[in-house]
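Fit chain U to the given chain F structure using the hints.
Quick note, the sequences are listed as chains F and U, same order. Each residue of the first sequence is one higher than the one before, counting from 1 in UniProt numbering. Each residue of the second sequence is one higher than the one before, counting from 1 in UniProt numbering.
Honestly, the hints are just simulated from the structure, not real lab data. Fair warning: there could be bad hints in the mix.
With a straight-line Cα cutoff of 27 Å, these simulated DSSO-like cross-link-like pairs (lysine-lysine) come out [said to hold, decoys possible]:
(1) F:K631 / U:K194
(2) F:K440 / F:K473
(3) F:K347 / U:K153
(4) U:K153 / F:K30
(5) F:K136 / F:K436
Part of the chain U face toward chain F, derived, beta carbon under 8 Å [claimed, not checked]:
(6) H137
(7) E140
(8) E141
(9) D144
(10) E149
(11) A150
(12) R152
(13) D203
(14) N206
By construction, the Cβ of each residue, glycine as well, lies at the ideal position given by its N, Cα and C atoms.
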Amino acid sequence: MAVGGSFDTFPKLLARNAAQFSSRPAFRHKDLGIWQTWTWAQVAGIVRAYAAGLHRLGLQPGDTIAIVGSNRPKLYWTLMAAQALRAIPVPVYSDAVADELAYVLAHADAKFVAAQDQEQVDKVFSVSDRLPHLRKVVYDEPRGLDDYDHDRLIAIHDVIEDGRAALAASAALGRQIDEFIRQGEGSDISIILYTSGTTGASKGVMLSARGCIDAATDTVRFDNLTDKDVALAYLPLAWVGDHYLNYAQGIIAGFCMACPESGATIEQDRREIGPTFYFAPPRGFEAMLTRVMIRIEDAAAIKRRMFGYFLGIARRYGESILTGKPVPLSGRLLYALGRLIVYEPLKNVLGLSRVRVAYTAGEAIGPDLFAFYRSIGLNLKQLYGQTEAFLYVTCQPDGEIYSDTVGPAAPNVDIRIAETGEVQFRSPGMFVGYFKDQAKTAEAMTSDGYVKTGDAGFFDEKTGHLKIIDRAKDVGRLADGTMFAPKYLENKLKFFPNIKEAVVYGDSRDFVCAFLNIDPVAVANWAERNNIAYGSYQELAGHPLVYDMVAKDVAEVNRSLAEGKVLAGAQIRRFLILHKELDADDGELTRTQKVRRGFIAERYAPLVTAIYDGSHEADISTEVTFEDGRKGVIAARVKIRDLQTIGATEPLGKAA
Amino acid sequence: MRAPDTNEILLQVEGVSLAFGGVKALRDVSFDIRKGEIRAIIGPNGAGKTSMLNVINGFYHPNHGAITFKGRTRAQMQPFEASRGGIARTFQNVALFKGMSALDNIMAGRTLKMRRGLLWQMLRYGPALAEEIEHRHRVEEIIDFLEIEAIRKVPVARLPYGLQKRVELGRALAMEPDLLLLDEPMAGMNLEEKEDMSRFIIDVNNHYGTTIALIEHDMAVVMDLSHRVAVLDHGVKIADGTPDEVKENQAVIDAYLGVAH
Chain F
1 MAVGGSFDTF PKLLARNAAQ FSSRPAFRHK DLGIWQTWTW AQVAGIVRAY AAGLHRLGLQ
61 PGDTIAIVGS NRPKLYWTLM AAQALRAIPV PVYSDAVADE LAYVLAHADA KFVAAQDQEQ
121 VDKVFSVSDR LPHLRKVVYD EPRGLDDYDH DRLIAIHDVI EDGRAALAAS AALGRQIDEF
181 IRQGEGSDIS IILYTSGTTG ASKGVMLSAR GCIDAATDTV RFDNLTDKDV ALAYLPLAWV
241 GDHYLNYAQG IIAGFCMACP ESGATIEQDR REIGPTFYFA PPRGFEAMLT RVMIRIEDAA
301 AIKRRMFGYF LGIARRYGES ILTGKPVPLS GRLLYALGRL IVYEPLKNVL GLSRVRVAYT
361 AGEAIGPDLF AFYRSIGLNL KQLYGQTEAF LYVTCQPDGE IYSDTVGPAA PNVDIRIAET
421 GEVQFRSPGM FVGYFKDQAK TAEAMTSDGY VKTGDAGFFD EKTGHLKIID RAKDVGRLAD
481 GTMFAPKYLE NKLKFFPNIK EAVVYGDSRD FVCAFLNIDP VAVANWAERN NIAYGSYQEL
541 AGHPLVYDMV AKDVAEVNRS LAEGKVLAGA QIRRFLILHK ELDADDGELT RTQKVRRGFI
601 AERYAPLVTA IYDGSHEADI STEVTFEDGR KGVIAARVKI RDLQTIGATE PLGKAA
Chain U
1 MRAPDTNEIL LQVEGVSLAF GGVKALRDVS FDIRKGEIRA IIGPNGAGKT SMLNVINGFY
61 HPNHGAITFK GRTRAQMQPF EASRGGIART FQNVALFKGM SALDNIMAGR TLKMRRGLLW
121 QMLRYGPALA EEIEHRHRVE EIIDFLEIEA IRKVPVARLP YGLQKRVELG RALAMEPDLL
181 LLDEPMAGMN LEEKEDMSRF IIDVNNHYGT TIALIEHDMA VVMDLSHRVA VLDHGVKIAD
241 GTPDEVKENQ AVIDAYLGVA H
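So that you can see chain F by itself, here it is in the shape it has in the complex:
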């Protein structure tokens, strides 16, 4: 079986793969409209030449090399080549603006940068005065870079060719590279992943080679991943999810990483490749479903009815059939028919036909959304993890799937709940420390060696699975002492297709309020169907009918809160729809698209004041950053809507 075993570094595993899976595909990449394939043996050869080339350029053990770009084979090979030389790769989010990029590159003492294209090279050079250690920038796509000063700039292709030529000329160099690989130890820092910075500046999480391999070996076994599997490598390189799910698991199991043609073609590429292992954040699954639903609305009546009928069948029997519970024969027959004419064709359109194991994580997933995918036969599961754990803390085993839990502890992970309600863990993949930040490292650990997740949660009594409520520090109380979990409310709101983002306030306040973003795709489609004219996102967001529609959704959330005991007092009393979409470029979301509540409260201070002082509208003007870094101002008058709360908090009790 293909697992980590006695191998303690990725370069050693790569050598094993070259021998064991030599002619099996390791990478695919769609280029000029055709899927190009590299086998493990080819990749090992290229990486060896690349490492030799980088060595000749001066990359030493312990140096850091930053990688900025999207999922392209040459950038993955940069990871491999750097690790072969015992240098430390540091992937950086490719959509980071120059300033964020400068922070990470400077903090990581990056000596080399591997950049995807002209855009990234421009960003690096624009901040190069802040990067005293920077020696060379290597790049993948040559386009537009002809006129650049090539003293500090060299194409990855040329580095590889130079290395290949040098290896051919000198056997000593080859021995030297092999020696670097042989000397690699499990305790080496394999990679530094910078956290997205939900709270303050991002921190460099150092992970050891042994830790990465042990953790990923456990989950490769857990999900039976083999060299027959295929993953679509489309998640951001700098995110722990990509490094774990694709890179680490890919090398350990020997499966193929397929790199999409470009960020815009992921949908088509997924259809063409047909991955067997798939991860998407809840947002990704939701966008997929929204697109399907919109297109079904436009389909012929007979197709719409057929779709509706069989989705009903799927809802009734799908989950039971997937988990192997008893189902009446008639149900099985109807489900089989539905599979033939609806579910399988639908999965095929979405590129999910061959998926054996799919995961989602990062945010809570809507129960309806989760149930939809499972009911049509997609083995979708949840996991809970973080960069400091090298991803997995918990994950759901096949057959024990619930939409509101994240599953029991992953293999070899030890979890406990602190008295404060905080989830703490010890795991094989847990991090070594934050790069150049002893103080923060100490802060993140308990004295007995557990990592503090900062999330509040509890073990569900019925299932024994972990449930996450919110960030521990965000769980607050209203002025009257009622418990209030903002994220929990925000997630409930976001489960409605019309609501894209929600930010909820209430800590130390008299009541709970919500700032909402409408989903431009879903609401625009609704507007089109109802003949509602609008000129811009801002106009649509402020439309009274849109407010009416969203008010119904918010009232629905209040109703569901009223059913529970703990949070019934935290119902939403007032809400408004923001005039612009929250955006990571403006600092309102993190790069992983989580809302930054405190920052938003500061930025929209006039709205926060207005919503709590009883006004029915407020003026706001905000500075926005365009994609090219220029700034502009958006001004708007935003309306505020009141809502009735239900149950306990209603002044007129039902008993009266």
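Below, chain U without anything else, positioned relative to chain F:
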């Protein structure tokens, strides 16, 4: 931006006049386009810019004057001869085959380069297949170059305007022209689309070394992009030179700001 290396003249227009009945669209216009440069033709509405392009690619025949392209002087030429000779163009109003995919539209730009006849093409076998693969490869390079992979198979009628313009540029590039004529490549685009298009025009010029003549209204774009600018007003050339020279020219300022004639 890099200026062209040579002063070799690719196209010379000498004393061209064009009249439609009593309307004199062009009056004794002369200018040249050097190999490898980006040459802008600007002017207020009705100045004769599009007429000038139409004369260059043989769509209109001038009443007087001569045009020398790649050393050959000619008075009359048909548009297909122009494209065979290495002149490609895009149009002010997008002129694509709306029902065909972006890919097929760009493939259409290769038609003149295909040697196999209709029957061979229909058989799609042997040499015809090899030829199609070769042309498809060139087209894929253009798709990659213009970053339109995601819309390869989408019928162009369903595409937003900015992308249609890009597909049209792709079709013109597929002809591997020596001279590329762009008629208002950025008309009706928003700022971001304009910036994208500017980058593509510069890249085409740099990467393929294609000589480009463009008509454009957006002065900022013209001044940034072009090596030399010719200014027409009421069918007469009133200025010619580098963007900086033209900007200072009193006749140009008058023409744009409107002075009593």
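Consistency of the hints with the structure:
1. Between F:K631 and U:K194 the CA atoms are separated by roughly 18 Å; this keeps the pair inside 27 Å, and the hint holds.
2. Between F:K440 and F:K473 the alpha-carbon distance is near 16 Å, which keeps this suggested pair within the 27 Å criterion.
3. A hinted pair counts as satisfied when its Cα atoms are at most 27 Å apart, and F:K347 with U:K153 qualifies at roughly 21 Å.
4. The suggested pairing of U:K153 with F:K30 holds, with an alpha-carbon distance near 15 Å, which does not exceed 27 Å.
5. Of the supplied pair hints, the one linking F:K136 and F:K436 holds, its CA atoms being roughly 23 Å apart against a limit of 27 Å.
6. Among the interface hints, the one on U:H137 holds; its C-beta lies about 7 Å from the nearest C-beta in chain F, closer than the 8 Å criterion.
7. Interface hint at U:E140: satisfied, since its Cβ lies 4 Å from the closest Cβ of chain F, which is below the 8 Å cut-off.
8. The restraint placing U:E141 at the interface with chain F holds, with a minimum CB-CB distance near 6 Å, inside the 8 Å limit.
9. For U:D144, the interface hint holds, the least distance from its beta-carbon to any beta-carbon of chain F being 6 Å, beneath 8 Å.
10. Annotation: interface hint on U:E149 holds; nearest CB of chain F at approximately 5 Å, less than 8 Å.
11. With 8 Å as the threshold, the beta carbon of U:A150 comes within range of chain F, its nearest partner Cβ sitting at about 4 Å, so the hint holds.
12. Given hint, U:R152 at the interface with chain F, holds; its Cβ is 7 Å from that chain's nearest Cβ, closer than 8 Å.
13. Restraint check, U:D203 versus chain F: the minimum CB separation of about 6 Å is within 8 Å; hint holds.
14. This hint holds: U:N206 has a C-beta 6 Å from the nearest C-beta of chain F, less than the 8 Å allowed.
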